[in-house]
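A.B. asks: Line by line, the protein sequences give chains A and B.
When you line the first sequence up against the numbering used here, it's residues 813 to 1260, in that order.
When you line the second sequence up against the numbering used here, it's residues 813 to 1260, in that order.
Hints are computed from structural coordinates only; laboratory data are not their basis.
All figures in this text were calculated on a predicted structure; none of them were measured in a lab.
All C-beta atoms in this analysis are idealised placements derived from N, C-alpha and C, irrespective of residue type, glycine included.
Mixed in with the good hints, there may be bad ones.
Here are some of the chain A residues that sit facing chain B, going by a computed Cβ distance under 7 Å [as the list claims (entries may be wrong)]:
no. : residue
1   : Arg877
2   : Arg1207
3   : Leu1249
2 protein chains.
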Amino acid sequence: MRGPRPLSGFPEWLPEQRLAEQELLDRIRTRLELHGFVPIETRAVEPLDQLLAKGETDKEIYVLRRLQAEPDSDDAGLGLHFDLTVPFARYVLENRGRLQFPLRRYQMQKCWRGERPQEGRYREFLQVDADIVGQDALGLHADAELLAVAHDVLGSLPIPPVTVLVNNRKVLEGCYRALGLKDTQATLRTVDKLDKIGAEAVRAQLVERVGLDQAQARACLEIAGISSPDASFADAVRALGLHDDLLEEGLAELTAVMRAAARLPAGRTVANLRIARGLDYYTGTVYEAVMAGHEDLGTICAGGRYDDLASAGAGARYPGVGVSIGVTRILGRLFGRGLLGASRRTPSCVLVALPSEEERERSEAVAAALRARGIPCEVADQPARYGRQIRAAERKGIPFVWFPVGEASGGHEVRDIRSGEQHPADPGRWNPPDEDLRVRLVGGDAPA
Amino acid sequence: MRGPRPLSGFPEWLPEQRLAEQELLDRIRTRLELHGFVPIETRAVEPLDQLLAKGETDKEIYVLRRLQAEPDSDDAGLGLHFDLTVPFARYVLENRGRLQFPLRRYQMQKCWRGERPQEGRYREFLQVDADIVGQDALGLHADAELLAVAHDVLGSLPIPPVTVLVNNRKVLEGCYRALGLKDTQATLRTVDKLDKIGAEAVRAQLVERVGLDQAQARACLEIAGISSPDASFADAVRALGLHDDLLEEGLAELTAVMRAAARLPAGRTVANLRIARGLDYYTGTVYEAVMAGHEDLGTICAGGRYDDLASAGAGARYPGVGVSIGVTRILGRLFGRGLLGASRRTPSCVLVALPSEEERERSEAVAAALRARGIPCEVADQPARYGRQIRAAERKGIPFVWFPVGEASGGHEVRDIRSGEQHPADPGRWNPPDEDLRVRLVGGDAPA
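For reference, chain A alone in the conformation it holds in the complex (with noise of 0.2 Å):
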């Protein structure tokens, strides 16, 4: 008997994993609510001009085609979007008349991309951004504060310790122009993939495609190779003699963030000068963080500054610093590894046992009972001996067993299947502990 297949690259979870991507979903939205984030949804489609214009992603994108529509139907010619950065810069500039800046906001949403999969790699991934973008100016305080916001997030979470990394656009592109570089952008871009081919890959593309000479190229790997904890980095980017203004702005910038993060974990803050994300939309400070032991599995977080993205023209501009979780991504790993789990497969915290089909109505006055005092449970789908019905709970990880009981044969009891243990209860009265209300988050021993 052959059923439906997975498709490759469209992940999809277990009960029990959507329960614990719920959970953790929930500890985001906290956080960030705690700070002032508001949520936003937008479409899943945008036109496809307006994707192909941003970001270096147009090979992957996904176009949407009615099946029965005539060629110049009004929803021809739109994409699924690739990330949230995108969408939420046209939302602004489509709604600012009706928005309050500075807008703080978050969006919880899947994005496509027609990618090659693989582990960490999806064409269907959830993300969670939060941006913050001003009308006309917004300070560089926002940048120190999306560090913040992304280390007490991603803190809360129960994943291994994470470690965000910055750098400046301004930084790099006033030392390629220093350097006399002509195409920065193609820099850029080659540069970034260090982690992906390595320093001789990446040396030789300078030279072969970009157009570097071999002294040029050797000063961008150097560059690349700045790092520190502090804003010492910015001593050994002035050994190095090069002289730009947009390079002094950068390091500037990049100085004053990583002042402002002496406040946090750590440590877990590193100015590295390798970072500078693919794609073109970033004018300033750039993030990506990496989960302790998973650095092979790549960034889990990213993000920046875009001066530009949102701007309509006539002086109308909206610039925004944010920052991208990718959820997917964590939890793939996360879940593949045994590292993540919940503590059951159901909200379920109680299964109300069933003597008879005709005694029905009174095991359902017993659950809503229960319910009507915020306990989950439901009712045992058909009556069966109790053996039967305690192992169906068992399968789902249900904690307690009701039998209600006729006042004759002395009234309710209750029973705690992992220890066995069984008293009389009161529906209107029995509480179970606390720890076993919700379905709680479990690290390393997630159920089979």
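Using the hints, position chain B against chain A.
C.D. replies: Okay, now just chain B, sitting in the frame of chain A:
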């Protein structure tokens, strides 16, 4: 200056509307989890042949194509799902060895249909589905339970009262068989248009397109006219003098569901033999719900029993029953008429004022102290006269402004900007009134 424009049929909410939507979804989720429903999510895409095989929406499916894909790439032939039932049935089959049955699941996701947009009909819309799926068999009690769950969930929302109309496909098909009709599916679909096109047009289509004679068409309309808030509908059907085994089975099922409904809110469940549901996959009970005063909007919640949707041949069968809540349809109407909104435009309960850029660190320390005790807040973007900072809070609906002041000048103060009252306060101890801590749903007086 021309900016981006909305896409017809792809609604997006303003932040304060999304806050209201999120609160509504939280309430739905809380109720469903109290009933032991577990969340799952399915991918946005399904193989096109699967989408075309189910339902009757073939014309309106959005097909995906990767911009640079070769014709035989492994992601060719995918379409966006048009509901959550077809993907769920596929998910059940695909994961059947790893799921526990009966499976009670809910799913909150966008769906896509390329329909002509109009009020209440969208190309992208959010649905919440709750289903119970059994292995091999699923008792009729599940049909009654889903009806109770629908009432419980919808009754927990600040929306107009909801009436659920219930029917059973077997009653209609049994009647049609007893009348000697050949094409019961075509008859069902035509009768299903009663609300849209009226009795006379249905009668004409039954005769001209489906091939019924006048007496048969009249009988179909007579059946469709039967309705009762209790189990008495069965007498009206029996008075027609039709005899068929399937009809008897359907009457017994619908009677049992209506008897169980006697425990639900009075008058809010009606057996109505006009209800057919257009989709092919329903095999027994069908539900359709409308909001009082908004009957013109059509169905805001619908569903039914599907015994054959998830089957993998060779005896593997997963009968199910479920309901779908049309969240976007409900909210589109209530937002559009100002009948639902959020108490403010941001999660922030407090705006911490910024005396000067140099004092940002002190304002951030106040914010951190408030957040540590669960109070959502944000620091003002720029130093400005306090009057301006208060007006900025007002525009976002933030109820409190915090003035951090040095020890010398007498300590911190907090101002309720609605009343203008201002008091000394300690960031480590002050609490807002409970009703101001979180964003609340408000009816009828949504922020403009």
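A.B. asks: Each hint should be assessed against the structure and marked as holding or not.
C.D. replies: Now the hints, each set against the structure:
For Arg877/A, the suggested interface contact is upheld, since its CB lies about 5 Å from the closest CB of chain B, less than 7 Å. Here the hint on Arg1207/A is kept, as its CB sits about 5 Å from the closest CB of chain B, short of 7 Å. Interface restraint check: Leu1249/A against chain B, minimum CB-CB distance 11 Å, threshold 7 Å, status violated.
Checked against the numbered hints given earlier, the structure breaks only hint 3 and satisfies all the rest.
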